[in-house]
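Enquirer: Here are the chains, one letter per residue:
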Amino acid sequence: MSSGQLLNLSVPRRTTTPPRDLTTEEVASLMRIADLLVPGNDVDPAPSAIDGYPQALHVALAARADEFETIVRFAAAAQDRSDAELLDELRAAHEDKAPGFQVLSTVLAGAYLLLPQIRDNIGYPGQRRDVPRIDEAAEQISDGILDPVIERGSIYVVVEPTR
Amino acid sequence: MTHTLACAGFDVVCLEQGDWVNPSDFPGNHPEWELLIQHQWAHDPNVRKLPADYPLDVSDSDMWPVMFNAVGGGSLFYGAEWPRLTPSDFRVHTLDGVADDWPIRYEDMAPYYDAVDRFIGVAGLEGDTSYPESLDYPLPPHPLGKAGRKAAEGMNKLGWHWWPGTNAIASQKFKELSQCARWGVCEWGCPEGAKASFDVAYWPHALRSGATLLTGARVRKIITDAQGRAAGALWFDREGVEHRIEADAVVVAANGVGTPRLLLLSDSPQHPNGLANSSGLVGKNLMLHPNCSVTGFYDEDLESWRGPAGQLIHSLQFYETDPDRGFVRGAKLHALPTPGPLNAVEVHRELPFDQLWGPAFHDVARRHRNGILWAANTEDLPEEANEVVLDPTLTDPDGVPAPKIRYRISENTRRNLRFTVDRMREIHEVSGAKQMFDVELWVDQPGHLLGTCRMGDDPSTSVVDSFGRAHDVPNLFLADGSIFVTSGSANPTCTISALALRVATAIRDHGGRQEVQA
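Residue numbers (my numbering), protein chains in the order written: chain Z, 12 to 174; chain W, 21 to 538.
No lab work stands behind these hints, which were simulated from the structure alone. A couple of the hints might just be wrong.
Said to hold, decoys possible - Dumping the calculated DSBU-like pairs for lysine-lysine here, alpha-carbon to alpha-carbon at most 30 Å:
{"id": "1", "chain 1": "W", "residue 1": "Lys-177", "chain 2": "W", "residue 2": "Lys-454"}
{"id": "2", "chain 1": "Z", "residue 1": "Lys-108", "chain 2": "W", "residue 2": "Lys-454"}
{"id": "3", "chain 1": "Z", "residue 1": "Lys-108", "chain 2": "W", "residue 2": "Lys-69"}
{"id": "4", "chain 1": "W", "residue 1": "Lys-69", "chain 2": "W", "residue 2": "Lys-241"}
To be verified - Computed list of chain Z residues with no C-beta within reach of chain W, every gap over 12 Å:
{"id": "5", "residue": "Glu-36"}
{"id": "6", "residue": "Met-42"}
{"id": "7", "residue": "Leu-72"}
{"id": "8", "residue": "Glu-96"}
As the list claims (entries may be wrong) - Here's a subset of chain Z near chain W, in silico, CB distances under 7 Å, partners left out:
{"id": "9", "residue": "Asp-55"}
{"id": "10", "residue": "Pro-143"}
{"id": "11", "residue": "Gln-151"}
Just so you know, these numbers come straight off a predicted model, no measurement behind them. We treat Cβ as the ideally placed atom computed from N, Cα and C, and that holds for glycine.
Bound conformation, chain Z alone:
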């Protein structure tokens, strides 16, 4: 292995860096698209209004490095469009299920949803350790919620022995 690391046959190598750095124009173009897909409001800022968005975009692009070229093609095509033209094209791409739009939009939205400020706003704590209290399971089934099921009795089909 060129890296000197043993290749694990069952584990993809994680990277948070896309296949190449985006150009300034590509970043600007993708931010414009992201702002159209996820416009800001009084509570939730637009992607371009959050300092961390470009870095989050890098992480998202690395996670979908398989479609990096598709996404930068969208970025290049967007550069000479007005916002109105671009929004029309995005709407059409969504309605037509145009190839590439799914991955473009999931990466741009996914990057936005990586931002701590946005996670706080939408109440997403992230996937994390959350060990239940010792009595939590018992508490949730001991108030009679199962009684109707138990009262109806067995529902399985009794099969007579064949030998």
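Given the coordinates of chain Z, assemble chain W onto it according to the supplied hints.
Expert: Then chain W, alone, in the frame of chain Z:
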């Protein structure tokens, strides 16, 4: 299998084409996990394309079988839902006049179900009314959570069966398993090491008992001797170098696609149509448990990011045949949480642009806390036309022919799917869901690979006997989902594990009786 035989003093060598995966490797450890599972850690090997994977030709299939290739296999990616087959599942022909009965009964399996449950620490609540009495589990059930409670309340309004989910996820620390910490990413590997995937639940015990595990070892052929007995295997190491290993007996447990593939690859003058294939049934009768689902979003905060996932509750209300429904057999339903805001966005993708993107986006993203996924396995019946064959051109990275899947969903199964989706919509409606999203068929999610080397008493209509021994090759055993006769609709890993233990126990107790059949 490996553990049981190693404990009995057998010299066991296991060839595994993949590697170990550390719990810290799994995508759920990382903030961008929802993007990682779309490709790098996808369930579909044709998408993931890791070095351990082999491609599948699915161009003639209605569904795309999925699997994971590593120590512990597909169990690394299963949800660890752990329902048994019911007594009726073993008597489908007798009860419904379709398919075939198994050569064994529920009562034959019960001791093995119990033993596996005890060994791996299954969590559940005793007394499930959809099973014979006395069913109990070694660990208490997991909390229902707000989503599970909501789902259960809906079932009570309808008067339908439900029960707290039975999961092979440790609700308390158990042997090598950590206590579940409700990460909620069970189907992409447990970061906590709490899910009973078999790399954690069995392999440490097998290795301590003296078994040998060779990783990065891709078997390309089972070799046979002049008498037609299994004599070992040819395999490639991770550098592509071929090796030969000899053995007194061979056990194949490569799943319902990998096992028939390997048997078909192992033809010889004594076995011209593939090993153990005098019946012509190796690869036939593929069953995939077509999955359907309805995701509902509610006004209430259900904390739907919280695991386990895993089933919060399950229902066997529609498991059995009801002639009024217009199809035979049924489905097993399960309610799960809906972790992740990007996943919530993807569920909404079928909506018009302005209901997902633009100003609507923020509300959609917030719904990740408000979701319940009702999903179901439907029972598909064995049909010989649904099969695994060797692809004439496609190969794996070592040049070994890849499997080709031919699979069409029957009209009976389509009716079952439609009926089940309607029932899940009914549950959401009575529970107060504000918006629902149906998926009548999960095309890319059948990880239940069953029936392709069915068991039976008659060598002309089955591949192995009821102890997994090949009718044609007395020292060849199969121990995976391929030996199912019918699929039931219960998640199959529980039954696969019990069958493997039953096969292993038979080898242990009767290993010396290996006579070539006339």
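Enquirer: Please list, smallest to largest, the hint numbers that this structure does not respect.
Expert: 7
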